[in-house]
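**Student:** Those protein sequence lines, which keep their order, are chains A and B. Each number in my numbering comes from the position in the first sequence (counting from 1) with 27 added on. Each number in my numbering comes from the position in the second sequence (counting from 1) with 23 added on.
In case anyone wonders, no lab produced these hints; they're calculated from the structure. Among the hints, erroneous ones may be present.
What the hints assert, rightly or not - Computed cross-link-like contacts, DSS-like style, restricted to lysine-lysine with a CA-CA straight-line distance of at most 30 Å:
#1 K74/B to K178/B
#2 K64/B to K47/A
#3 K496/B to K47/A
#4 K399/B to K481/B
#5 K63/B to K47/A
#6 K47/A to K517/B
#7 K496/B to K133/B
#8 K50/A to K200/B
#9 K224/B to K166/B
#10 K460/B to K399/B
#11 K527/B to K517/B
#12 K517/B to K499/B
#13 K63/B to K178/B
#14 K481/B to K64/B
#15 K527/B to K63/B
#16 K481/B to K460/B
#17 K460/B to K527/B
#18 K50/A to K496/B
#19 K64/B to K74/B
#20 K50/A to K481/B
#21 K158/B to K63/B
#22 K481/B to K499/B
#23 K527/B to K496/B
#24 K496/B to K399/B
#25 K64/B to K399/B
#26 K74/B to K224/B
#27 K50/A to K133/B
#28 K232/B to K200/B
#29 K47/A to K200/B
#30 K63/B to K50/A
#31 K597/B to K47/A
#32 K50/A to K597/B
#33 K47/A to K224/B
#34 K399/B to K166/B
#35 K517/B to K496/B
#36 K224/B to K527/B
#37 K399/B to K133/B
#38 K200/B to K158/B
#39 K63/B to K517/B
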Amino acid sequence: MQTLRRLSALILKEFLTIIKDPKSRFVVIVPPIIQFFIFSYGATFDLENVRYAVFDESRSVLSRSFLADVEGTGRFRLTGYLEDAGQVKQTIDNEKARLVIHIGPRFEERLQSGRSVQIQVIADGRSPNVAMIAIGYLGTIVENFNRTLLEQGLAQGSRPGLALVERAWFNENLSSRWFMVSALGGVISTVVVMILTSLSVAREREFGTFDQLLVAPFSPVEILVGKSMPGIVFGMLDALIFAGGAVLWFHIPFRGTVSALMVSLLCFIITIVGIGLLVSSLSTTMQQGLLGAFLFLMPAITLSGLATPVENMPMWLQQANMFNPVRHIITALRRIFLEGADLGTVWPQIWPLLIMACVTLPLAAWLFRRRSV
Amino acid sequence: MNSSVSSVSVALTTKDTGVETAPLMHADRVCKTFDTPGGKKIPALDGVSLKIFQGRVTGLVGADGAGKTTLIRIAAGLLVPTAGQMTLLGLDSVDHSLEIQSRVGYMPQKFGLYQDLTVIENLRLYADLQGVALKTRHDRFDKLLTMTDLAPYTKRRAGALSGGMKQKLGLACALVKSPELLLLDEPTVGVDPVSRRELWKIVYDLVEKDRIGVLVSTAYLDEAQRCDQVKVLHQGRLLAQGSPDSFTAGMQGRVFLAAPDEQMRARQIYTRLAGQEGIADATIRSGRVRVVLNSPLSPENGNNQETGKQKIASLLNRSASTITTAVPVFEDAFMALIPRGDAQLHTPSTDQDKPWTPEPSSGEDAAVITNNLCKKFGDFTAVSNLTLDVRRGEIFGLLGPNGAGKSTTFRMLCGLLPATSGEIRVAGRNLRRSRAKARARLGYMAQQFSLYGQLSVKENFKFFGRAYGLSGKQLKIRMAWAFAEFGLDPWQDKPAGALPGGYKQRLSMATALLHEPDILFLDEPTSGVDPFARREFWLRINGFAEQGVTVIVTTHFMEEAEYCDRMVIISRGKTLAMGTPGEIRSLARTPENPDPTMDDAFIALSQGDRP
């Protein structure tokens, strides 16, 4: 009874201090929502509007037809026709275009006489990602163009022996927005929870109120529970709002079960609360707490697999990444949204989180009293 | 430092000639208002006019919030007056602030020493900032270091210096460019009595040798007595000015001493007299109660003394012959001078409605025991071999200057800090290892304001009340008691952080008392508080102690030791003495000084303990 009364007073106080502080209130609501929309729209690998220029020396029906195919994909935006070879260098140098498609003067003539012809693509290697993906697109266009030529009997030779029929599962259009937005809620709530909790003890240390808590008859476990509550509640709230936004606003399919989503988010947020409180109880000032939070956030998010595949990393890093909670929640969220995973399927992602929470939370509670200067 | 006798005469001559010269500083109806976030305007200075002359030390005294710091900051060109004009060295403080700053030395309350730089590096840095020529530097540094006795410590980090040495280094930094006027904002707060005397000596040497002018604000009223001129500020107005003697002259026959006898201890006499009508001030000094009467009691001449004695005697139910007259000092005049309006000392409730009765001692008679307590931070020994015992129901004082190890000891007692070695028992337990419940009978008031500033007064009470297991009706009763007892009613729904300083102090104390603790820990409760609030505070503490609450209190005001039953004086982590105030004072008794003060005792005790 006494314990419950103390605990409820403590939890009430924790929420009041966050709600009454304009800065904390702001951290919990405004940046997460802005980030969610900006990242959802901005963080995509799908190329659109790649600026390109054409240096067409052929100016023939067939070259027009090829260029029309390029234009028709909707991924490229023509910035102009070049008159001579000298302009190519200038155009790329000035970043007027990322790509220049150069069609030689005897393009149609050679094709019609049944010989092979080369199309030159000059790409701006300063942004290799754009260049590679754009060249990839162009390759597909060339392949399709060849097929049409064969069908029209323009080009001679046998039909190619192998024809690739592509079919992507789970994300049929290979839309990177699905890939990003399904996992984004996890990352953004990581940031919110981490900042909130890493400041919570440090703020009280800085203002001296933590001493008052320690001399009051609170046990470390009670303080731990009280301090965890706002992080868990606001973190869950944010993560669930984002999950809803992903489905309702961005029309990401939700194929898994709600229980899987709730349980994995809850386990994840408790883990982050543990790490945040650990950082906070090691800090004596808010500045240290915030610095510690970013020390964790930067590598955790970069290595999480949100943008770059974990499989690309060297083996030792992949293994070390097992201790990265963000990696697990991102995998889990994608599996729930896109694969349709249920609780059993995401269990491999959940148990590492639980183990981490079991280490960080008690350690933080232990440090409350140890680390007081 | 070694020519004090001859220099006195020099000082006298400079005083005489100083009047004819133009004032170094001239405040002409200076006003300053501050805007609060709520759009309210707070007047800090309200038409203050005064002049500071060369070759003199002018003291600026007043209660907290009287406008002392604001006035000094305007003089230093850091604030722009809302109205009126401040002229320094014949220049307007707003238009020529840069030139003024290069010719005026300013030492703020918390001087910006770089803690990680050494003494000499700090000096060099300030010399660079002030543009002191390299050629003259060497001699200047030598002079400053000799003057401040810091020469042996030039390679020590500023952060590792004691409080008094830090202040002296700050003063040296403010003096790197031989200023014509020196502005000092409470330079001696929290500094031990030895260093305080040294600082004052430095200031006087400067005035004598360099004939500069000094404006110094102070919270220690005994220091005002040493000034050539005193300006008393009150609520942003200049209330009075003159030489200290001119202040005390009017106090003849209004200051009395009442000695304790078999029936009444000094503290009881004090509680009986404080706050009574016609009594401007009552304090315990050197074991006796010093009483200042509000105004001459009778209009007839000559009878003042006798009527005064009779009035006091009748309040105490004893004969007038037991009351003796005392020589008035500046503090007496100051206390009688300041009008008591709404900020009236709130007299705590009388014995009739005792708020609570502490639980009878359970087994152990001592509330707190330590045995050979030590605390080290790396190489630095903060507390060494502290052995003390605090009996139930007594007021026990931990006295010493800033950095003596008081707070460290305190934090160890409360279980906030682990001891390096030694034994601690509070109410029979070690709080660091015992369960949470053991802390429920303690009250703790931290040195800095440490309640939740964003929560309202009421919410703070509710939280801490529930934290200590109060609820429902019980909590309501206690909250009502706290609101009434500490005059916090009008502030119920205000955020605690927005309360004025004095009320924050009251709120902290009310919170510590909400759950009726048996043992009360108060860490520097009177630091940064003006003389009135300090008196109010001690009156309260007395009341609680009379009811049997054990009070353990730290302070750097030596004279506050008089309110304690017993005390320990520590300095640089070492115990200098322990005992009753009388016992400790008697340690300093010499044929030349038969009636030493607590300051004298500290100085005598620390003589063998200088670095």
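**Student:** So, for every hint listed, does it hold in this structure?
**Tutor:** Status of the hints after comparison with the structure:
| no. | hint | result |
| --- | --- | --- |
| 1 | K74/B to K178/B | violated, 40 Å |
| 2 | K64/B to K47/A | holds, 24 Å |
| 3 | K496/B to K47/A | holds, 27 Å |
| 4 | K399/B to K481/B | violated, 40 Å |
| 5 | K63/B to K47/A | holds, 22 Å |
| 6 | K47/A to K517/B | holds, 12 Å |
| 7 | K496/B to K133/B | violated, 45 Å |
| 8 | K50/A to K200/B | violated, 44 Å |
| 9 | K224/B to K166/B | holds, 15 Å |
| 10 | K460/B to K399/B | holds, 29 Å |
| 11 | K527/B to K517/B | holds, 11 Å |
| 12 | K517/B to K499/B | holds, 18 Å |
| 13 | K63/B to K178/B | violated, 49 Å |
| 14 | K481/B to K64/B | holds, 26 Å |
| 15 | K527/B to K63/B | holds, 20 Å |
| 16 | K481/B to K460/B | holds, 24 Å |
| 17 | K460/B to K527/B | holds, 27 Å |
| 18 | K50/A to K496/B | violated, 35 Å |
| 19 | K64/B to K74/B | holds, 27 Å |
| 20 | K50/A to K481/B | holds, 22 Å |
| 21 | K158/B to K63/B | violated, 52 Å |
| 22 | K481/B to K499/B | holds, 11 Å |
| 23 | K527/B to K496/B | holds, 25 Å |
| 24 | K496/B to K399/B | violated, 46 Å |
| 25 | K64/B to K399/B | violated, 48 Å |
| 26 | K74/B to K224/B | holds, 23 Å |
| 27 | K50/A to K133/B | holds, 28 Å |
| 28 | K232/B to K200/B | holds, 15 Å |
| 29 | K47/A to K200/B | violated, 48 Å |
| 30 | K63/B to K50/A | holds, 23 Å |
| 31 | K597/B to K47/A | violated, 45 Å |
| 32 | K50/A to K597/B | violated, 45 Å |
| 33 | K47/A to K224/B | violated, 50 Å |
| 34 | K399/B to K166/B | violated, 35 Å |
| 35 | K517/B to K496/B | holds, 23 Å |
| 36 | K224/B to K527/B | violated, 35 Å |
| 37 | K399/B to K133/B | holds, 26 Å |
| 38 | K200/B to K158/B | holds, 13 Å |
| 39 | K63/B to K517/B | holds, 15 Å |
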